[in-house]
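Residues per chain, in single letters:
Protein chains: 2
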Amino acid sequence: MAAELSPQLLSEKHRPTLDQALDAIRTRAYWSPHPEHPKAYGEGGAPGSLSAAEGKAAFDAVLNTRLGLGQPGTDGWTGGEVSPYGPELGVEYPHADLDVLLPAMRAGMPAWRAAGPETRALVCLEILARISARTHEFAHAVMHTSGQAFMMALQAGGPHAQDRGLEAVAYAYEEQIRTPRSADWSKPQGKRDPLRLQKSFTAAPRGISLLIGCNTFPTWNGYPGLFASLATGNPVLVKPHPRAVLPLALTVQLAREVLAEAGFDPDLVALAAERPGEGIAKTLALRPEIRIIDYTGSTAFGDWLEANARQAQVYTEKAGVNTIVLDSTDDYRGMLSNLAFSLSLYSGQMCTTPQNLLIPRDGITTDAGDKTYDEVVADIAAAVTGLLGDDARANALLGALVNPDVKARLEAAADLGEVALPSREVANPEFPDAVVRTPVVVKLDATKPDDEEHYLSECFGPVAFAVAVDSTADAVELLRRTVRDQGAMTVGAYTTSPEVERAVEDVCLDESAQLSLNLTGGVYVNQTAAFSDFHGSGGNPAANAALCDGAFVSNRFRMVEVRRQA
Amino acid sequence: MAAELSPQLLSEKHRPTLDQALDAIRTRAYWSPHPEHPKAYGEGGAPGSLSAAEGKAAFDAVLNTRLGLGQPGTDGWTGGEVSPYGPELGVEYPHADLDVLLPAMRAGMPAWRAAGPETRALVCLEILARISARTHEFAHAVMHTSGQAFMMALQAGGPHAQDRGLEAVAYAYEEQIRTPRSADWSKPQGKRDPLRLQKSFTAAPRGISLLIGCNTFPTWNGYPGLFASLATGNPVLVKPHPRAVLPLALTVQLAREVLAEAGFDPDLVALAAERPGEGIAKTLALRPEIRIIDYTGSTAFGDWLEANARQAQVYTEKAGVNTIVLDSTDDYRGMLSNLAFSLSLYSGQMCTTPQNLLIPRDGITTDAGDKTYDEVVADIAAAVTGLLGDDARANALLGALVNPDVKARLEAAADLGEVALPSREVANPEFPDAVVRTPVVVKLDATKPDDEEHYLSECFGPVAFAVAVDSTADAVELLRRTVRDQGAMTVGAYTTSPEVERAVEDVCLDESAQLSLNLTGGVYVNQTAAFSDFHGSGGNPAANAALCDGAFVSNRFRMVEVRRQA
Chain F
1 MAAELSPQLL
11 SEKHRPTLDQ
21 ALDAIRTRAY
31 WSPHPEHPKA
41 YGEGGAPGSL
51 SAAEGKAAFD
61 AVLNTRLGLG
71 QPGTDGWTGG
81 EVSPYGPELG
91 VEYPHADLDV
101 LLPAMRAGMP
111 AWRAAGPETR
121 ALVCLEILAR
131 ISARTHEFAH
141 AVMHTSGQAF
151 MMALQAGGPH
161 AQDRGLEAVA
171 YAYEEQIRTP
181 RSADWSKPQG
191 KRDPLRLQKS
201 FTAAPRGISL
211 LIGCNTFPTW
221 NGYPGLFASL
231 ATGNPVLVKP
241 HPRAVLPLAL
251 TVQLAREVLA
261 EAGFDPDLVA
271 LAAERPGEGI
281 AKTLALRPEI
291 RIIDYTGSTA
301 FGDWLEANAR
311 QAQVYTEKAG
321 VNTIVLDSTD
331 DYRGMLSNLA
341 FSLSLYSGQM
351 CTTPQNLLIP
361 RDGITTDAGD
371 KTYDEVVADI
381 AAAVTGLLGD
391 DARANALLGA
401 LVNPDVKARL
411 EAAADLGEVA
421 LPSREVANPE
431 FPDAVVRTPV
441 VVKLDATKPD
451 DEEHYLSECF
461 GPVAFAVAVD
471 STADAVELLR
481 RTVRDQGAMT
491 VGAYTTSPEV
501 ERAVEDVCLD
511 ESAQLSLNLT
521 GGVYVNQTAA
531 FSDFHGSGGN
541 PAANAALCDG
551 AFVSNRFRMV
561 EVRRQA
Chain Y
1 MAAELSPQLL
11 SEKHRPTLDQ
21 ALDAIRTRAY
31 WSPHPEHPKA
41 YGEGGAPGSL
51 SAAEGKAAFD
61 AVLNTRLGLG
71 QPGTDGWTGG
81 EVSPYGPELG
91 VEYPHADLDV
101 LLPAMRAGMP
111 AWRAAGPETR
121 ALVCLEILAR
131 ISARTHEFAH
141 AVMHTSGQAF
151 MMALQAGGPH
161 AQDRGLEAVA
171 YAYEEQIRTP
181 RSADWSKPQG
191 KRDPLRLQKS
201 FTAAPRGISL
211 LIGCNTFPTW
221 NGYPGLFASL
231 ATGNPVLVKP
241 HPRAVLPLAL
251 TVQLAREVLA
261 EAGFDPDLVA
271 LAAERPGEGI
281 AKTLALRPEI
291 RIIDYTGSTA
301 FGDWLEANAR
311 QAQVYTEKAG
321 VNTIVLDSTD
331 DYRGMLSNLA
341 FSLSLYSGQM
351 CTTPQNLLIP
361 RDGITTDAGD
371 KTYDEVVADI
381 AAAVTGLLGD
391 DARANALLGA
401 LVNPDVKARL
411 EAAADLGEVA
421 LPSREVANPE
431 FPDAVVRTPV
441 VVKLDATKPD
451 DEEHYLSECF
461 GPVAFAVAVD
471 STADAVELLR
481 RTVRDQGAMT
491 VGAYTTSPEV
501 ERAVEDVCLD
511 ESAQLSLNLT
521 GGVYVNQTAA
531 FSDFHGSGGN
541 PAANAALCDG
551 AFVSNRFRMV
561 EVRRQA
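Protein chains in written order, with the UniProt record's numbering: chain F, 1 to 566; chain Y, 1 to 566.
For the record, the hints were derived by calculation from the structure and aren't laboratory data. Keep in mind that a hint or two might mislead.
It does not matter which identical chain is meant; a pair holds if it fits inside one copy or across any two.
Stated by the list, open to error - Derived DSS-like pairs (lysine-lysine); straight-line CA-CA distance at most 27 angstroms: (1) Lys191 x Lys39; (2) Lys13 x Lys187; (3) Lys187 x Lys39; (4) Lys13 x Lys39.
Since the model is a prediction, treat every value here as computed from it, not as a measurement.
Could you put together the complete structure from these sequences and hints?
What follows is the structure, encoded as structure tokens:
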């Protein structure tokens with residue numbers, strides 16, 4: 001049977017997009033093929049895409065159903081997701097018999113390998129295009145698993161995640177074609193005939209790649225590893241977080257559909273949903289068939305994976321302590337509003353949200369006059385209060401707390417120091433069971449030994465520490481220690497001093513941290529854009545990989561050479 | 001003080017070579033800027049290079065001296081190398097106080113980082129050029145530490161090693177410039193002003209890189225890691241094998257000289273020679289300052305490094321079991337002479353030397369008629385005997401056994417099965433103490449359980465096993481099991497059958513092994529050419545990295561981004 005999606009059709013549809021992506025990662029200029037605006041989808045928008053109403057209807061239709069994926073080795077069904085907004089999703093997923101599923105996943109490898117880098121990239125782009133068309137449906141799925149507010153779930157869970165997936169495909173493609181498919185080699189031998197060899201080079205996948213998904217950004221954090229591995233020829237087994245299965249299950253469904261239509265084995269992508277308390281990630285991670293692992297989550301389990309899954313290449317994003325150094329600014333209002341937004345977005349539940357605000361005890365210089373430590377803290381608190389004063393706006397920014405652990409940490413944070421801004425409970429009229437909370441700001445002191453354990457560990461959730469330091473120089477040194485020992489996904493700084501700017505830059509270069517300087521407008525330290533910004537550095541304890549770079553893709557395959565006498 | 005080697009001068013001298021290297025790794029065509037012929041050096045040859053006589057004189061002059069490198073933290077002197085050819089070298093090297101040396105090595109990092117990828121690449125090329133000019137001196141140093149015969153020491157230890165170093169520089173440079181140094185990012189916001197950011201990207205080194213050298217190929221196996229790390233901004237601490245210090249000490253000396261002349265801190269490259277029995281590699285590997293490790297040697301220590309040096313990126317080349325599948329040939333004589341050479345070169349002491357010759361019990365089809373297993377083995381034995389019948393030629397091909405362990409293994413091998421070809425002691429008139437031995441060929445049987453432990457482990461040295469198998473299909477399956485479980489640096493096959501060829505290729509693609517098919521002329525399975533051939537695959541147990549590819553360089557630095565509002 002001829003494939004419905006021929007290489008030629010795929011090339012016509014997607015090669016221009018791939019070329020644009022390749023160009024974007026070289027220039028790092030702004031680019032995205034995935035629209036952010038909700039109205040860009042549906043009638044009059046992207047062809048074949050679901051409108052807001054259609055996406056909602058599609059999401060509603062999947063609730064309380066059994067999501068059959070047609071994958072082999074299903075020995076039962078499991079589910080049990082409860083939305084952070086209250087409702088039970090009621091979706092059931094196949095539970096896999098690994099001894100059946102894993103061999104089935106390997107069966108399609110030779111044909112997928114033989115397809116070559118371009119066809120694999122184009123098939124990946126078709127999968128992403130189908131996901132993109134269903135962005136509104138994914139928005140609800142992400143919202144009701146992560147607790148993100150709808151608009152954020154749509155953008156971060158939709159186009160931004162798709163961008164990160166496409167970026168990984170572009171890197172993977174480029175890495176594989178650095179070596180030609182064949183070469184004629186002729187070595188002169190003086191007066192004798194030259195030595196001649198005909199050489200062929202094939203990107204050979206490592207084996208099954210395991211994606212261990214996270215609760216807060218199932219698609220955004222999941223797509224890079226998934227698509228990097230698939231594009232380099234590896235089957236991908238998706239093990240979602242048990243509270244955030246649906247977005248990745250829908251992804252697996254679409255991937256299987258496209259693979260089959262393109263004439264490949266759909267079992268190259270499969271789902272491994274787990275029964276409550278099963279802890280399947282540890283079992284999977286040690287299976288000899290698993291040769292690559294992508295993981296986002298706790299430092300404890302990330303470290304365990306790195307130490308124990310020795311048969312696999314392990315890419316981890318773990319916890320970090322993100323820091324902002326406040327030294328001086330020529331836009332005090334802009335700084336305050338920028339920081340207030342950064343602290344509030346998704347209730348501080350981003351791996352990139354600032355936690356520690358390092359503020360000199362004697363205050364900072366600003367365009368609005370010198371401000372003492374207490375004034376700065378009070379003004380940040382006021383800015384947060386102002387931003388979140390309206391409940392509708394607060395709900396739209398904060399979303400819901402993703403799980404009870406975050407709520408417990410938030411409540412405990414109020415006892416760690418003087419509370420500069422208490423957390424406020426926000427009612428959500430549409431979802432009365434949603435747990436919505438504004439950030440707490442707690443004052444700590446870098447010179448108090450008891451405070452150190454608080455600001456030198458990650459307190460994931462809507463908790464910010466306003467840490468008093470003796471000087472900007474001390475702030476810079478504390479920044480260095482924090483990044484080196486605890487890691488950081490992001491660092492920010494506000495300063496009008498070239499010397500301070502240089503000192504902070506040097507710390508970030510020395511300790512491999514991504515730095516945002518003097519953000520006072522509509523770009524926030526916690527946001528990164530695919531094709532331009534690196535997410536993490538892979539060089540400090542917060543993550544051993546960056547999204548996306550050569551190192552993220554180059555070891556997912558090996559270049560195998562066959563040489564023959566010519 | 002202005003640097004003697006300005007960026008402009010370096011660019012004039014070396015940028016064309018860098019560009020050619022970049023082109024070569026893309027086309028994989030034959031290329032080398034380093035001549036193989038001994039007469040290409042000295043008067044009338046490469047400008048400024050030492051002739052054969054001058055190189056020998058330079059080598060003689062360094063014997064029985066103290067090699068001062070001017071590096072800080074020297075707390076004593078050590079040495080004690082004895083040539084496999086007999087003579088004591090009598091060279092003393094600085095012994096390092098790590099608590100002084102390591103911080104000193106880090107001091108030069110910021111300036112080296114700030115120099116950027118191109119300047120670093122060009123400085124590395126100048127180092128390689130100075131090494132190249134002293135190829136004859138290095139030839140003696142490699143010969144009298146590895147036991148390689150002079151011509152091989154000159155070629156493999158000289159131009160071929162320099163090629164591999166240059167190849168690593170080219171990969172490192174290309175990897176770093178995939179991301180531009182800066183970018184303007186402007187994201188449309190509908191009717192509002194676009195969001196604008198100015199972004200800068202810097203390749204930031206990881207930290208001190210440790211090179212743990214090997215006894216057999218101190219420069220060839222050492223240069224890729226050394227130059228990949230240095231070109232990506234990392235200081236490099238060179239810990240040579242205690243029996244093969246001199247070639248790497250001379251390398252360190254030249255690197256320090258060039259760094260200083262180019263205005264950089266010479267302590268970016270330093271030597272860590274060890275006292276007898278000190279076992280300094282383990283101590284160094286666990287130092288927090290060490291962030292990258294390159295290692296060639298035993299599987300046991302390589303595995304230990306991978307498991308324990310968790311603070312570092314670890315690149316290892318370990319043991320493997322290299323296999324040749326003999327199915328059929330249309331050039332029986334060519335096959336025999338090619339195999340005889342492969343088994344004999346450097347007494348089989350190459351990580352790429354074939355060990356197991358898998359031969360169907362019922363024989364193989366050839367252009368000289370069908371040959372039984374016994375005939376094939378006898379003919380291989382005869383080919384080796386013929387090749388090495390003349391003592392002068394035998395000495396020139398075999399070199400000396402590198403250490404007593406190899407000799408002991410060779411002697412023990414004769415008891416493992418029926419000896420098809422006994423090892424012969426060859427006298428070396430120039431160096432009567434050299435231990436020179438021809439290869440032993442031992443018959444084993446794949447169906448005998450007792451033989452398995454022999455052919456499924458590496459027997460490093462001049463030992464080949466002619467393993468009888470029931471069929472070519474069984475040979476292919478044994479090949480698969482061998483590569484998967486034991487690893488392999490090389491695989492070879494002789495067959496006229498497209499089906500068998502395809503089956504062997506599939507195994508190599510599935511298990512990531514580099515395959516040479518039907519070599520009957522002047523290219524041997526144990527030789528790889530920089531810029532064209534991959535050495536190892538990094539995808540089977542013999543090595544976790546390949547020389548050289550993107551994965552070998554991309555994680556030696558991290559891309560650090562600084563973004564500012566525009």
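Here is what the structure says about each hint:
1. Taking CA atoms no more than 27 angstroms apart as the test, Lys191 paired with Lys39 passes between copies only; the shortest distance there is 15 angstroms, against 72 angstroms inside one copy.
2. Only between protomers do Lys13 and Lys187 lie at most 27 angstroms apart by alpha-carbon distance; the minimum there is 25 angstroms, versus 42 angstroms within a single protomer.
3. For the identical chains of this complex, Lys187 and Lys39 are inter-copy neighbours only, at 18 angstroms across copies versus 61 angstroms inside a copy, given an alpha-carbon limit of 27 angstroms.
4. Taking identical chains as interchangeable, the C-alpha atoms of Lys13 and Lys39 lie at most 27 angstroms apart only when both belong to the same chain, with a minimum of 23 angstroms there against 58 angstroms between chains.
Of the hints listed earlier, there is not a single one the structure fails to meet.
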